[in-house]
Amino acid sequence: MIRAFRTLTINRLGKWLISLLILSAFTTLVTSWHLVRDVTNLNTSWSDNERSIIQKQAYLSALRGAIGYGGMIHYFKNYLLRHDKNYLLNTHRSLLESKIIINGYRALGVSTDEDRALSDLEDVAQEYKRAITRAEVLVNAGYTIAQTDKLVSVDDAPAIRALLSLTDAVATLRQAKTKIVSTKIGSLADTINVAAIGIGLLLVILILALAWFLRSRLINPLSRLITAFDKVDPAAPGLTRLPGSGTEGDELDMVATAGNRFLDTMEIHLTERRNAEKSLESAREIADKANKAKSEFLSSMSHELRTPMNAILGFAQMLDYNPKEPLTTAQKKSVDHILKGGQHLLELINEVLDLAKIESGKMEMSIEDVSIRNVLDECLSLVQTMAENQGIEIIVAEGFDKPVVIRSDYTRARQALLNLISNAVKYNRENGKIVLNCYVATNGMLRISVTDTGEGISKDKLDELFQPFSRLGAENTEIEGTGIGLVITKQIIESMGGRIDVESEIGKGTTFWIELPVSESGQAKDLEAKMIEEQGAPKQLSNVNGTILYVEDNPANLNLMEMIVERTEGLSMISAHNAELGLELAVNKKPQMIILDINLPGMDGFAALKKLQKMESTKNIPVIALSANAMNKDIRKGLDAGFKQYLTKPIKIDEVADAIEVTIKTPGEQKLI
Amino acid sequence: MIKLTHIFFVLALTLNATATASAQGTERSVDMGLTPSPVYGLWSNINRAVIVYAKLHSTDNDWLRKLEGMEPKKFTGKEPAHVLEQVKRFKTELIELIELNKHWSDSATETLLDGNLPNLLSSNNNRVTPSQVYLHSGQVLVNIARYILQESPTVIEISPLFEEQHITGKTPSDVYGMVDLGIRRLEEIALQNPMEEKVQ
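Those protein sequences? They're chains R and D, same order as listed. Its first residue numbered -9, the first sequence is counted upward by one per residue in this note's numbering. Its first residue numbered -11, the second sequence is counted upward by one per residue in this note's numbering.
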């Protein structure tokens, strides 16, 4: 510690102040120690004096008893008067007592007066001893009392005087010793006062000096440093300079120097980062442009591909289902091939489009409360036939019986689960099983698992599952697939705040599971599920009469719709290629229902619907939307706007036919979700 | 230049010296200032009194001469405490001997120096001093003297028994030897049992 103190370069004055403070503390300690010792000694001296005085007073009292009129003198006189030997014995006893008491008194230490008095008493005792010995001889010789008393006479006055002298000496001694002790107490009190005042003043001066030093040499420079730090511009830290202490080489000066170096380093790093950010920004802009170009290309290609696909599939359906001109077996086989191939191509287009949307961040999600049971039921209705064809049993576990509601986009949740279940069907063994389960996991998410009894996937290939166009060898089999379904599923699930994973064992099967957030409200608003439920199963057009106005800019779609309408007797169709013409026809022809495309040149479908609803002559005509905008939010928007139904392209004949029949038969009922 | 470490060292030494000085206590004891010599003188008188005591009850001159001719044994290393124990033993022997005599009054066993004198002789650390031995010895002398006075059929002088012996240079071991001599004389008297006939 002392070495660390010595190496301090903060300030020589500060070091001396601290040293003096420590020195003062030690001085205080030593002084206090000495004062306490003096007080203790004084107390001991006082106690010794008191004990000595008390002891002497006790001896004095004993001497009075042994020598005075209750002792030696008394016994001696009685012996002379009575010649009783008991008095003789007691006289000797008293002499013995006086001897030991005088010795004891002397042992305590005596003054001159005391010594003189004690010597007198010893002389008196000797005189009495001689007298008692002589008296005994005389008594034994037969002398009378008067003769003995006359011959042996001792003056007791010296004894009494000696006792009084000793009493005075003790009193004088006590006064003298009390005076000495009082003087010592006074002197000690003065010393304590001087020491307390001196040490107190010294400490006050040193503390004030130290406070001044700390403020001027430590706190003020530190405050200046703090102020300078506060003023550092985050954008340009190198412009700020931290002030030193003014004493080169001391600790505060070193702190300021180190701080300035730090600010300079920050400035360099900030400059480098700004340059890097600029580079990154340029790269990002280039990437964004490229991505936008790719998305636009994909969108354009998708639209260009979907338009002819609409015609191919539509007219193939017309050929397949035309009751007036039924196909031959060979023709039907060919048309089935067209439909199957077309469906596969459409699916591929849709998935590629989805992937493009996901990658470009353009996939829109409408997160809402969704009943997982409804999602599952819809998926099952779509795959049930396919599963039955392969003899696969689908087992739904009890977890789905609970009314669990998740937060997700209904359409996308259905898409993801359907993909997993359809995969489980496609890659299962014949007469296999699929087990569907769901439960709320420990992390609060709803886990839905799809377990098949297929061949399983080796662990080293599991990571490839979620790579685009990776089919793990299935491309060499008859099983159809695009190789991007799981990629899209993963992206969809993660976009909805969930996660997906897979576990598999060769020869036993594979389990895919997804986790989605559970809704706290528990109220499902499965728009599409309700819509489907209300729409019911497609029905054949029968006993439907009236005119339909179809507003559509695509001629192929117009032709297809016309062929659908022609299949029903009593039903006719008028058409318009834009909204303005459609409105005019609606007013003039007053059709029983209107089918309206949304994306029209000029006025769009929503604007046209609004005008139809405003006009008295057309406001009661039911209007159905038929659009390629198939997002959940598009459907809700359409229904909210007043469309009786909202159908999506490509046109599905049964679906359109059923919508026409329902709408014409119940024109007043608006199906609002 | 004086370094700080030097100052701290001096301060530490000062503190240590102060602490050591204050830790030293003073042992006080009360003594009456008597040396073993006056006690020895007292026991010379007691032994003379024992001879006088024996003469009261025996006329066997040979035995009396033998009794008077007994010498103190040499002892070494004795302390006042040992001497006091020996004095107490003498007192016990004396009382046993005297109690055989019906003429002995109860007052013979009373304390010689009663009153507050025993308190004056007390020591704050219970250390036995020559003064305490002197006290007990004086008690013994007075009691023997009283007994001699009461039992002597003729007039007898006791004052010589209280003559002060001016002896110097004696040690507690010398005093112990004198007390031992007294005890042996009492035992000799008891063996002679001069009071037995009177008791019967």
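It should be emphasised that the hints constitute simulated quantities derived from the structure, not laboratory data. Each hint should be verified, as a subset may be incorrect.
Examples of chain R residues toward chain D, derived with CB under 10 Å [to be verified]:
1) R72
2) L85
3) G94
4) K119
5) R124
6) A125
7) I258
8) M308
9) R626
Heads up, incomplete: computed chain R residues facing chain D, CB under 8 Å, no partners named [unchecked claim]:
10) L78
11) L79
12) L86
13) N93
14) I122
15) T123
16) E126
17) N130
18) R437
Glycine is no exception: its CB is placed at the ideal position from the N, C-alpha and C atoms.
Index of numbered hints that the structure contradicts, given in increasing order: 1, 7, 8, 9, 18
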